[in-house]
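*Asks:* Chains as they are written, first to last, in the working numbering: chain A, 1 to 276; chain B, 277 to 647.
To be clear, the hints were calculated from the coordinates, so they are not data collected in a lab. Hints are supplied without guarantee of correctness; some may be wrong.
Unchecked claim - With a cut-off of at most 20 Å between alpha-carbon atoms, the simulated EDC-like pairs for lysine to aspartate or glutamate come out as follows: (1) A/Lys218 to A/Glu252; (2) A/Lys219 to A/Glu183; (3) A/Lys157 to A/Glu18; (4) A/Lys157 to A/Glu183; (5) A/Lys88 to B/Glu375; (6) B/Lys390 to B/Asp409; (7) A/Lys268 to A/Glu210; (8) A/Lys268 to B/Asp527; (9) A/Lys157 to A/Glu19; (10) A/Lys268 to B/Asp610; (11) B/Lys414 to A/Glu252; (12) A/Lys268 to A/Glu229; (13) A/Lys149 to A/Glu210; (14) B/Lys477 to B/Asp409; (15) A/Lys88 to B/Asp409.
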Amino acid sequence: MEGNPHMPRAAVIRDRIEEAPTVLTLRIEPLEDPQVPFSFSPGQFNMVGVFGVGEVPLSIVSDPLDTDFFDHTVRIVGRVTEAMARLKVGDRLTIRGPFGNGWPLEGARGRDIVLVSGGLGCAPLVSVVNYVVRRREDFGSLTVLHGVKNPGDLFWKDRFARLNTLGGTRVFLTSDVGGSGWEGAVGPVTNLIPHIPVTARTTAKICGPEPMMLATVKKLLAQGIPESELWVSLERNMQCAAGFCGHCQLGEMFVCRSGPVFRYPEIKNRLGIRGL
Amino acid sequence: MTEATGGFLERERFCALFDLLRERGYHLVGPRIRDGAIVYGEVSGPEDLPHGVRDLQGAASYRLAPGESGRHFAWANGPQALKPLLFFPRETLWESRREPDGSLSFSSPDSPSKPLAIIGVRACDLSALDLQDRHFGKGPFPDPFYAARRRDLFLIAVDCSHPAETCFCASTGDGPEARSGFDLALGEIDEGFLVRAGSEKGRDLLRDLPLSPSDPHMEEALNHQTDQARNSQRRALPSRNLRGLLAARPDHPHWNDLATRCLSCGNCTSVCPTCFCFSEHEDTSLDGRTSRHVRQWDSCFTPGHSYIHPAPLRGETRFRYRQWLTHKLDYWHDQYGRSGCVGCGRCVSWCPVGIDFTADLPLLLEEPHGG
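So that you can see chain A by itself, here it is in the shape it has in the complex (with noise of 0.2 Å):
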């Protein structure tokens, strides 16, 4: 078969950062076609495999400016990722993709830029965080909310720190339960949208379990920021990546295709709908 576009690349990793006890950071550099570079936004995901195990959909945490490498932030949950966890530097991966459509961000430049992410999975939204950084005069203020379920699930400390250091940039964290040593809020994230700064330049993009999801949608609409500049991250199961395997499909839409990015308003009848 010529030609076949199911193929894999082979990739090296080239650095492993352990995040916390069960997340990692793998720097990985696609090895093959090197003629051809590769481009991708902030919110897309590629299909990363270990040899003989299987693939996962993995978001790109990296920048697009950093053409030679893609980071992703995995959680270690199954069969695919322990076994990743278990690979060292200049182990091989499989890589397929960018895949998704990701976040409109060239759109959002000058805008003031909200952030909630919940739970463990916030890793499509730090790549807007990175991309904003790095072109901090392009945009307007950003407020990151972040909440974990206990204080042992948070990392990223020390980054969260230093985004606060940064002219126009505020992160509150919060946790559903307290403890000692804590020193962001206790409950729900949706309890500090109250207290953000909201103009009619906000724009809000969204990624975490999807009844936090929608108790967010609901503060920020309260808010007044209108319902077109919600954006969510939807996690569905991914196998082919192309729209073609069907486990992806939430009611009309193959998530991996048109998605995994979407307007609230495209999405928002499919939302909230148990077992969907």
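Mind docking chain B on chain A? Use the hints.
*Replies:* Structure of chain B alone, referenced to chain A:
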């Protein structure tokens, strides 16, 4: 009938069609009887086709019985459509190899696709093929395995003369007669076949067939037979377009009723000619040096289909049945411009507990009664 008849092929000369196709390099596939069912297999001549057989189908029931003597196609359909011939149930997409130094290399499987000529294709399955084309073949990145097999296909359709009790192609608008998507179409009458072409390839072959002129009585007999095949169908869908109607009823209590019967076995999705879901996995060699990346038919009735850590999104049967039927009859309109159901009735016959969604559909479309 949309195409003018090209002529009449006497039953005794039917084998000429097989010979011509073989001469043109086609590998011949047609219906055969195997394990008490009619399935597609290699055929070399008319003698390999079913003969004097009919199928008795009902909810959870499929039996072969003696039928009209002399006829090859006096039956409705078997469990397979064209789907397994183009979208293989299991197929290697690529193979990776790990060298002792840890480096990886990849190769694409050789898929010598012999051009296939398929004899005896039904109208419902031509419609289903068109839907599979829209999914696998017509997007921005067509699937190369599917596309290669599809490109080389020669399709010889047969007008359906004996629909099964489970058939409802008349109500979906897909049958019983073949209208488009074929190279040649046959109308079987007692004396032989009225042959018509539906493509340039078909016209080309038709010119070489030993045809005689058809007479008006034959045409009339075929038209009458097709009308009867249409009018004999007792099952029907309430509408060809249910877009938005099922999706608007995710909490309808009848989904629960369906779930008490459904075993979530996935038989319906296996026999459905339009279901396209597949999973992907690694199949590793014993020495651990090579691994094949395989795709295999999957079903929205399996827990793995919607799995996202830490649990399936559709953990209950009612969610899976709702997904299947709502996708098939509702979301398909947005995805591919029409319903995903072609009225073949296979999901009714091959459901082990005899769920007949054509009977459940009116209940799902009714406003739920209190509580």
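*Asks:* Look at each hint and say if it fits the structure.
*Replies:* Taking the hints in turn, this is what the structure says about them:
1. A/Lys218 to A/Glu252: The given pair, whose Cα atoms are some 24 Å apart, is violated under the 20 Å limit.
2. A/Lys219 to A/Glu183: violated (24 Å)
3. A/Lys157 to A/Glu18: holds (13 Å)
4. A/Lys157 to A/Glu183: Holds, because 11 Å separates the two Cα atoms, which is no more than 20 Å.
5. A/Lys88 to B/Glu375: Judged against 20 Å, a Cα distance of about 17 Å means the pair holds.
6. B/Lys390 to B/Asp409: Holds, at roughly 19 Å.
7. A/Lys268 to A/Glu210: holds (11 Å)
8. A/Lys268 to B/Asp527: The hint holds at about 17 Å.
9. A/Lys157 to A/Glu19: holds (10 Å)
10. A/Lys268 to B/Asp610: It holds: about 16 Å lies between the C-alpha atoms, which stays within 20 Å.
11. B/Lys414 to A/Glu252: holds (17 Å)
12. A/Lys268 to A/Glu229: holds (13 Å)
13. A/Lys149 to A/Glu210: Distance of about 15 Å is within 20 Å: holds.
14. B/Lys477 to B/Asp409: holds (19 Å)
15. A/Lys88 to B/Asp409: Violated. A/Lys88 to B/Asp409 sits at ~43 Å, over the 20 Å cutoff.
Hint compliance for this structure: hints 1, 2, 15 are broken, all remaining hints hold.
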